[in-house]
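Undergrad: Listed below, chain by chain, are the residues.
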Amino acid sequence: MPPDELQRRYHEHETAQPALGELWTRNRPSLGRRALRLVGGDPHLADDVLGQLALRLAGRRAQEQYDPNRPWLPWVYQILRRLSLDAFRRLLRGKHEQEPAGGLDFLPSKSPPPDEEAEREERKRLLREALAQLDPHDREILWLRFIEGLTLQEIADRLGISVATAHRRVKEALEHLRDRLSGDHQ
Amino acid sequence: MKPDYDPVLFDFAVEYGDHPEQALRRLQLLLLDEQACQSRIAFLQVLAEMGGGGAPLPQSADEFRHEIDLIAEHGVFAARRHGLLVPERLARLTCTPAALWAAHQRLTAAAEEAAPSRLRLLLRPWRRPEVLCAAAALLFFVLWLLRLGSGPAPPPLAATVIDWQLDLGRGGSRAPASGVPIVHTGGAYTVRFRVASPRRRHGWLFQVDARAGHLLDRLKVHEDGVGVCRYSGTFDDTVGFEYFILVLSESPVPALDDEAVPWLGAEDIRQLQEHARAGQDAEAARLVETALRRAGWRGQAGDVRLEWIDHRP
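Protein chains in written order, with the numbering used here: chain A, 5 to 190; chain B, 3 to 315.
Honestly, I wouldn't trust all of these hints.
Listed next, the stretches of chain B that the computed footprint assigns to chain A, with coverage defined by at least 3 CB atoms under 8 Å from CB atoms of chain A [what the hints assert, rightly or not]:
#	segment
1	13-26
2	42-49
3	79-93
4	268-276
Subject to a maximum C-alpha distance of 16 Å in a straight line, what follows is the list of computed EDC-like cross-link-like pairs (lysine to aspartate or glutamate) [stated by the list, open to error]:
#	chain 1	residue 1	chain 2	residue 2
5	A	K175	B	D8
6	A	K175	B	D20
7	A	K175	A	E126
8	A	K128	B	E51
In short, the hints are calculated from the structure, not lab data. This structure is a prediction, so every number in the text was calculated from the model and none was measured. The C-beta atom is built at its ideal place from N, Cα and C for all residues, glycine as well.
Generate the whole structure from the sequences, applying the supplied hints.
TA: Shown next, in the form of structure tokens:
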């Protein structure tokens, strides 16, 4: 069956599941490779993400919201990428956090594309403000660390402080920035 | 949409020292998430501006092409399993805007370039009872789907040269425009290639100057699967361009074991000089591959790596 027809059938409620089975079979190798790449080569995490993907694709809402006039695989890749992002966020925040196990909306954006230049400038303005509010010594430490690329030992030598203090101040400065920027965005 | 500052504002080297797995997860998240990646770049740019001059931000991703290849083709976790990770290099990558953006693009390229339009995917908590009931039924179907494949096996690591290093001590410099190392007669050097490949167990490192070629070292594969070729010496008085050529193979190639490099003729050597002078990397690589095939080598394009330097009096 040609891909166009399979895609159309995936969109139709009565034929969605057999069509998905066929689409999945045909695309399983590339989906597996894609998942593995997106999760950094961790096969177990790739399996998890693929399982979640299958669950979502089998959902009626996904089938309804899929536009059969558009290629199926790139659309699925986007979902896979989003699921990979969420998998890493969950891992970083701890496994106790509830998984966003369903209720996905796959909505073609009706709004015009965002003004990327304006977004970039706004992002910089917020960062500039947050950095300006830092203690100048902390700002200097961040500059030495991220722009000059000094090691903690080199920073300690340069500023006449211990390595442990340099370590602590880098971490604290980043925490302050994160707090300030999160506040700005709430 | 609000950026997630968790992967944006972190110190990879420090975190890797404390929790390597977490650091790699944060790095992968940073590279996957376009907003996070752009925010990190903006952070570095603003920090550099506020520093008032001083060290400029590196503008080229070229220096990190091996790390980017590694991230895009095999993934950071697989690289760590195979002992290919150099945390200090990844730390520098996270501070180099051009490299960050290049890595992001490589990692997400195929999905994005084929995307038909901007789609929005929103995650919401799964709370509605009817959705939960439907999911139970769907699970049978999902389990059936998953039986269709036995899970994604990690792709075999191709012959990927993850890094090459030329240590010139204090005697070398780089051409300002091309970045090509400039060396001088009598200067001491150490050259090293590290290779990741479980299948390519054979390898040779050659040096080809304006007069002749020399076999410098044969690949030694360590227990962790990483192969190394290494040579230390001093530059003789043959000025011109010098190539370091790494050749990998799955099977032995007796002709390549000859230290005098007979597989590369005088005309080949002359043409290699021309190609280096003209900056024709691809032509030089093609020439070397053709010569290797004549000698019985049956590898692929990725199994040969050329690096060249400018040897001046």
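Undergrad: Are any of the numbered hints broken by this structure? If so, which, sorted upward?
TA: Those not satisfied are hints 4, 7.
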